[in-house]
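Engineer: Protein chains in written order, with the working numbering: chain X, 1 to 516; chain Y, 1001 to 1318.
Mixed in with the good hints, there may be bad ones.
To be verified - Not everything, but these chain X residues come out facing chain Y in the computed CB check (under 7 Å):
no.: 1; residue: N336
no.: 2; residue: L372
no.: 3; residue: L405
no.: 4; residue: P406
no.: 5; residue: L415
no.: 6; residue: I423
What the hints assert, rightly or not - Calculated Cβ distances over 10 Å to all of chain Y for the following chain X residues:
no.: 7; residue: M9
no.: 8; residue: L66
no.: 9; residue: T95
no.: 10; residue: D167
no.: 11; residue: T236
If you are wondering where the hints come from, they were derived from the structure by calculation, not from laboratory data.
Each residue gets a CB set at the ideal place from its N, CA and C atoms; glycine is no exception.
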Amino acid sequence: MMYYSRLRMASVIGICLIGLALCLPNVIRQPVPSLPWRQIHLGLDLRGGSYLLLQVDMNSVAADRLRGLQDETRQTLLKAGLGYRNLTTTARGVTFTPRAPEEAAQDLKALRAMPMNVPGEFSVNQGEGGQITIALSPDAARQRAYDAVTQSIEIVRRRIDATGAIDPEITRQGEDRIIVELPGISDPERVKKLLGTTAKMTFHLVSDSAIGSAVPPPGVEMVPMSDGQGTLPVFTHVDVDGADLTNASAAIDQQSGEWAVNFTFDSTGAQEFGAVTRANVGKRFAIVLDNKVIEAPVIRTAITGGNGQITGSFTAQQATDIALLLRAGALPAPLNVIEQRSIGPSLGADSIRAGGYSLAAGFVLVIAFMALFYGRFGWYANIALLANLVLMTAILSLFEATLTLPGMAGMLLTLGMAVDANILINERIREEVARGRSALQAMQAGFERATSTIVDSNATALLAHVMLFVFGTGPVRGFALTITIGIVTTLFTTLLLSRMLMVRWYARTRPSTLPV
Amino acid sequence: MMFDRPLLRFVPNGTRINFMRGRFIGLATSAVLSIASLILFFHPGLTLGLDFRGGIVVEARTQGPADFNAIRAALAAQHVAAAGVQSFGGPDDVLIRLDTPPASEPDHEARTQALVDSVRHAITTLPGAQVLRADAVGASVSAELFRNGMLALGLSLLMILAYIWFRFEWEFAVSAVVTLVLDLTKAIGFLVLTHFEFDLVMVAAILTILGYSTNDKVVVYDRVRENLRKYRTMPLAELIDLSINETLSRTLGTSSTVFLAALPLALFGGASLSGFAWVMLFGIVVGTSSSIFIAAPILLLLGEKRLRRDARPPARTS
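Work the whole structure out from these sequences, hints included.
Structural biologist: This is the structure:
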């Protein structure tokens, strides 16, 4: 209790010095290339910027797959020369009635041969009424949902990178959410617009025979025109998918002088595009972007080069954004912004100033209090307090943690609470002295008895803040994190450092009375 | 050396204040305050912050003192019906609040987000005005944040109960948690009276108060436990009094340092943190006094028979 070996002293001092070194990157802005350079990041509330919480529309992921499955079923049956009635989608699959009961075995065989995205994605069975059901498995649905979010994150990242945002943070949250943090962008309107667009481009043949009919025939869908002028009946079958694009750019069309988007297909896309256009010369081919027909030109000749152009009376900004979106790829499902918080740079600077002054003022008050009420041992506690601040900063830097405004409050409160351990020890020593113990005995008893109290009281505080870290979000998590780290550093600085200072002082001076 | 010896002290050595004599006054005062807080909680109720209520808040700074009519006109030009336009902080700062469209409508999330842009556009039409902060929280998120906030509060209380139960006897754990719940109700009453908005940051403040208050109780309990072993025949009331008196200097010392640390934050911490800090300051006072006037009397009531029974020496030995 009253003896510190050289090794122990060296390690306590060593840890404090390492802590000091780890703080340096926060003060010196110029990184030293050969050293690990980690520093605290300022949160959006201090730096200014935007926070967006996006939700992936999972219903649409499921609905998309069902529509695709229905389309595949129809194509498979047609190819095999089999008939069907009442082909519809249900909540979890596709059902139809075979044309004739004896065809059912052939239907099952043909459908079971359909390609699956993942093994065991669906099962094909015949029900009691003779109906055939193609049911999607829930596991595959979950996998698809997970993949949809992963893919969305990738696309979101590409789109945001294309806007030139600096240090964007894109993270998954929970099952179907994505957090986008954009430091320095205090008006997220353009980003919101870019992310709010699915940019799913598909090419469909137009069903000329269905023009003017009120109810479209099976396999044909009425799709609204992008200019709001009525609808166009197009086949639901996707002839060419915009996912097969390799490049897209905005340019001015030489002939009309209007803004247009030029695109280039990869080899698969170019082949498909060539085949469809060759087989359908003279027919209209609709370019559908996000469920709206942008244009539906007549195919004059087969287009084999893999290049194409979309003209739809765009403005320059629209053409640029469409090109950007096509390059970045389509989102697998629509994204909805469900929470946004944006902070201007001036408010962030105000907050740093207010937080910094409060931190300094609180620190000075606590130091003055300890000096007035506890004398020499109070000053030792103050040295430990300073070390505490250094170590907290060091650990936060090591984690590359984000300092938020509540986080600054957390640091301040930690400093207020940190001296509690010193107060406990000092009061105990004072009591023991009052009971007539010698200086050595009093210090020994003080350390010994106070330790279990210090551990108990800090453990309960730790529990409360771990809960807050688990269930809190955003800046509040920063608060919980700083307090949690603060409790750990407090245990170190009070139980080891300030005690060491007291013990060293005793060993040096051998006082007969203690300054308590 | 001039800083060698302490210059000030809270209480002299050997202070013996008979706290337990006033235990019923303490409990009654606490009960009255907590019941009053509960009534305030139901009527008029907490002012829910954006996190928990959902909606839109835009803070803007105008050039020169804010002209509310001009702001309202600019909002109206963007077809935005603001629920409230009020001054905030300085004379050139305004706070614009909007409610979200009802959650029953299918595209309410999208419309909530679109409204923020309209408010932004309205602000930019005013000469020299800038948006300081714009927050929009949809209905689904606010419900979830509220649930998580309450879960964090409830689980923290349970964990504290479990920890104290594990380290002490159940009487200690129960009296601590009952006291914490009473502290909590008073903090809520304080929030209702002061109109501070109840949001996630406030949940953090309340959790910190609870952590601090528990800390304070653990220190007193620790001394009670020690004294239970040391003075085997002392009546519990006297023993608790002794323990409180022995730890009084520490209790006042620690609450002072935490109070001093939080005070600058309340005074200069800026709009977003001063509410947090005021709740902290209130909680420090409540938590410190409840250790002495509430937790200790409850422990006395619960433990009067039990905690002394096995410690009492057999009647025939002397």
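Engineer: Look at each hint and say if it fits the structure.
Structural biologist: Tested hints:
1. N336: Holds: closest Cβ of chain Y sits about 5 Å from X:N336, inside 7 Å.
2. L372: holds, 5 Å
3. L405: Holds. Min distance 6 Å.
4. P406: holds, 6 Å
5. L415: Constraint on X:L415 satisfied, holds at 6 Å.
6. I423: Nearest chain Y Cβ about 4 Å off; hint holds.
7. M9: holds, 23 Å
8. L66: Check passes; 20 Å lies beyond 10 Å.
9. T95: holds, 27 Å
10. D167: holds, 20 Å
11. T236: holds, 24 Å
Checked against the numbered hints above, the structure breaks none of them.
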